[in-house]
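Protein chains in written order, with our numbering: chain A, 1 to 243; chain B, 1 to 544; chain C, 1 to 158.
Hints listed in this document are in silico derivations from the structure and should not be mistaken for laboratory results. Be aware that one or more of the hints could be misleading.
Unchecked claim - Straight-line Cα separation of at most 30 Å, DSSO-like style, residue types lysine-lysine; simulated pairs:
#1 B/K162 / A/K58
#2 A/K58 / B/K165
#3 A/K86 / B/K483
#4 A/K58 / A/K86
#5 A/K126 / B/K483
#6 B/K299 / A/K67
#7 A/K212 / A/K131
#8 C/K144 / C/K84
#9 C/K18 / B/K299
#10 C/K83 / C/K144
#11 B/K165 / B/K127
#12 C/K18 / C/K55
#13 A/K67 / A/K197
#14 B/K87 / C/K144
#15 C/K83 / A/K131
#16 B/K299 / A/K197
#17 A/K219 / A/K131
#18 C/K83 / B/K299
Note that this is a predicted model, so its numbers are computed, not measured.
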Amino acid sequence: MSVRTLEVDGRTITAMADQTIFSAAWDNGIRIPRLCHLGGLPDAAACRLCLVEIEGQKRLQSACTTKVAEDMVVRTDTPALQAHRKLIIELLFAERNHVCSVCVVNGACELQTLAAELGVDHIRMKPQYPKLPVDVSHHRFGIDHNRCILCTRCVRVCDSVEGAHTWDVAGRGRNSLIISDLGEPWGESASCTSCGKCVQVCPTGALFSKGKTVAEMRKDRSFLQYIVTAREKRLWIAERKPR
Amino acid sequence: MTADGLRQSREAELDRQSRLKNRIACCSVAGCLAGGGDAVRAALAEEVKAQGASAEIEVCGTGCMGLCSRGPLVRSSAGEITYAEVKPGDAAAVVRSDLDSLNGRILRQSDPFFAGQRRLILANSGKVDPEKIAGYIAQGGYQSLLRATSEMTPEEIVAEVKKSKLRGRGGAGYPAGLKWELVARHPSATKYVICNADEGDPGAFMNRSVLEGDPHRVLEGMAIAGRAVGAQQGYIYARGESPLAIERIRTAIDQAQREGLLGGRVFDSDFHFRIDLRIGAGAYVCGEETALIASIEGKRGQPVLRPPYPPESGLWGHPTLINNVETFANIPQIIENGGDWFAGIGAPASPGTKIFAVAGRIRNSGLVEVPIGTSLRTILFEIGGGVPEGYEFKAAQTGGPAGGCIPAQYLDVPMDYDSLTGIGTMMGSGGLIVMDTSSCMVDVARFFMEFCMDESCGKCIPCRAGTVQMNEILGRMTSGEGKEADFAMLEALSGLLVEASLCGLGRAAPNPVLSTLRHFRSEYDAHVRERRCPAGSCRMGASA
Amino acid sequence: MNPTAPDLNIPASDEREKLLERAMARHHNSGDALIEILHTAQQLYGYLSRPLLSKMARRLNLPPSHVLGVATFYHLFRFEPPKKHSAIVCLGTACYASGAGQLLAAAQQSASEGEWTLTTGRCVGSCGLAPIAICDGIPLARVKPGDLAAVLGGKHDG
Ligand SMILES: Cc1cc2nc3c(=O)[nH]c(=O)nc-3n(C[C@H](O)[C@H](O)[C@H](O)COP(=O)(O)O)c2cc1C
Ligand code: SF4
Ligand code: SF4
Ligand code: FES
Ligand code: FES
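My request is simple: use the sequences and hints to build the entire structure.
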């Protein structure tokens, strides 16, 4: 596999030719914000947080899906990008009901962490306060749609890693909703194997394990690495699990 | 069918028509049918029968003749007269060509509405019955497909289309020849041709009128494309909300297949081409090409990131040519008359004609086909007859929810791709909505934002949640609750959607806002600072 | 969003079921044809009930959540039995510019009897006759709010 040399935020780094900008940057300690991407899952390029500027290209590109190229010059943290990212986070907070103080993943939520990192301390938009259900019918897990950011990590892990395809998205636009099977309560889903992978990959407190305290509810994604690696017999999973 | 067969059926139909004393063609597309066109046609047929004139007078259907606001329209080949607002009770007068009793409802080709147009794509309306393939063949139909399969190599076809400088009519205006070449050069053995007939801009009905009025022209264009790029299978993706267009396409495909103009060994060549119909189910975003492909594959119509572009990896991963209905409808005449001929029509950088669906606050609304580059003033005031009495022209919206408005000071702008982009709007697919002094521009922006919000697929955050917030702000403004800070937020969100959205829907959604802000900022100010709507037509009205 | 239709208990001999089976067979029970088959099912049954969706999922070898996800993405699919009558108010640009907003308000006010399924459309292709409403398939051209209300059988104040 050939190697590419590129410049990211002023630093010269090398990467494998088939690596994405996101993963090459990550390997070199440059953390590009993201919510939908998770190493080992097929990418949706949906959250748009990882957008970066590439010299010579008019459009911003999502780092999670753009391959590195020789002599590419990438900027991941310009003021314009920061402003966009802040807005995206604000949009998410206004979209549903994220009350962190009563959330089981308080302190270990990717959305919360990002908001803090990006300095989002108040929301300048009208909160939509939709009335959304919490489904605790499953004997081990629950889903709180109020905290779902529709990143579809759960859908993708269930389909491409577990192979059950319990989850999908119903509706569209602002009315999108994660569903299990034909929309029945999760506990009645015939396809769910109760493997818990979706819970582990969910970036927020939307998917949670029942009966865990806030301190115990920490998500562990290391399984993705070995499952996918074992399945594909390839060692390209470069991404470490996020803290 | 063979070359001889085509000639024979053409001659037979021409001969049949020449022995008629009169052909009374009733508009049979959605606009006139909604106004009672069916009953008119039935009454005319009844009347001809009653007069015992069935042998010499034919009553048939035909495509849109343009002046929809004065429908139902009926055209009589004797004297080349078109009658407007025909009622079933007028049947006797129409059949007898009794001009006196139809006084005031007689339209002639010399009237400004018709004289100002150049009808090439719509050439058959008024002449050809969309439900009969013989009529299309009589007008020279399928001759170009014959040429393309018997006299031209695929490379020559592509070269001709490139020479024509035809640009895609679906909105973006990408050169058709270049796209064809990309697909043609791809080594893959399996390729597809898709006709994008998902026309979903609210207030646009060009594509559907072409399909309802002259479906074979589109099929012929697609088959020529199939030959040129090396595809054996074509799909028409039609909008589920247009049942009549769907029915007409079905009929046309069946007829063409029966005549051997589609299917195996077209004109005894080694060319095979099937066309199947796929029907959308109410999602505007499926007009976007990657979403459309997902939908044909039986999935949620959510766009996927490009590249790869469809010419490289499209339907089921195979190279795919996607063009708009009107793009394909232009192909037969390019093959017939040559690319140079076509390149000489309209504006040099964007040749040909364009169909506009003119509607809103205008006297003559309907379909107008003019050379590209015709000024907006000509279209609206000479052909369109201007705005209703007592009002003044304020702006015209082009490009639908992805476009922008053209205010009065730009009335002389030539309607071509580049000029329109230059003034902050776009050609789009041809919707042209006229607004006058009674229209509130903030409300127009809100209307389109609400549309985009409803139609966002929900995949990416900027579009899914951003349209909600922009709609929220515009809703506030039009109900007298706007805040000064809303302007900054509108701008920031516009920037985010334009730069960060995944597909064209989100990227273009702020355009109506940006364009009205640019040209009608004072109206926004009046709403927010004075709590007043100058036009008096939004929710707040003039009172508050 | 969730189809909450009662069990249809369709007998095996049901003609509609045969037609649906045939439609699926014509597409070789391929998941690619899901949208075509949903169209057919809705035409036959009037709406897409949960048992119907479940049956299609099984026959087409598709995950149930995928079938529901696809069906609910497209606004022409219904998950509840249609009411006796249907009315569509066009909210396309031309109609909106000609007062379709007031038309819709009048329709919403008068059609609350449980007899009418009221939907909105985005341009029904007759912009020259705006504003337009389609009641049980019959287009009402340049219709006034009061007249539409009268058709919908309700009282209308204004
Ligand atoms: C949201 C969205 C909606 C679109 N709708 C249509 C449409 O209704 N018809 C169409 O031909 N193209 C539509 N397009 C453009 C298509 O993606 C594509 O560019 C076009 O079909 C290409 O054909 P052309 O080159 O002949 O114009 C749409 C694009 C976007 C982003
Ligand atoms: S439940 Fe969690 S993983 Fe699934 S879409 Fe919502 S936020 Fe993402
Ligand atoms: S821009 Fe809108 S329509 Fe396009 S992918 Fe994003 S959410 Fe979907
Ligand atoms: S992480 Fe790249 S788009 Fe979400
Ligand atoms: S906008 Fe209503 S018919 Fe076109």
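Now the hints, each set against the structure:
{"no.": "1", "hint": "B/K162 / A/K58", "in the structure": "26 Å, holds"}
{"no.": "2", "hint": "A/K58 / B/K165", "in the structure": "25 Å, holds"}
{"no.": "3", "hint": "A/K86 / B/K483", "in the structure": "21 Å, holds"}
{"no.": "4", "hint": "A/K58 / A/K86", "in the structure": "21 Å, holds"}
{"no.": "5", "hint": "A/K126 / B/K483", "in the structure": "12 Å, holds"}
{"no.": "6", "hint": "B/K299 / A/K67", "in the structure": "27 Å, holds"}
{"no.": "7", "hint": "A/K212 / A/K131", "in the structure": "25 Å, holds"}
{"no.": "8", "hint": "C/K144 / C/K84", "in the structure": "23 Å, holds"}
{"no.": "9", "hint": "C/K18 / B/K299", "in the structure": "25 Å, holds"}
{"no.": "10", "hint": "C/K83 / C/K144", "in the structure": "24 Å, holds"}
{"no.": "11", "hint": "B/K165 / B/K127", "in the structure": "28 Å, holds"}
{"no.": "12", "hint": "C/K18 / C/K55", "in the structure": "13 Å, holds"}
{"no.": "13", "hint": "A/K67 / A/K197", "in the structure": "27 Å, holds"}
{"no.": "14", "hint": "B/K87 / C/K144", "in the structure": "21 Å, holds"}
{"no.": "15", "hint": "C/K83 / A/K131", "in the structure": "27 Å, holds"}
{"no.": "16", "hint": "B/K299 / A/K197", "in the structure": "24 Å, holds"}
{"no.": "17", "hint": "A/K219 / A/K131", "in the structure": "26 Å, holds"}
{"no.": "18", "hint": "C/K83 / B/K299", "in the structure": "28 Å, holds"}
The structure is consistent with each of the numbered hints, conforming to all of them.
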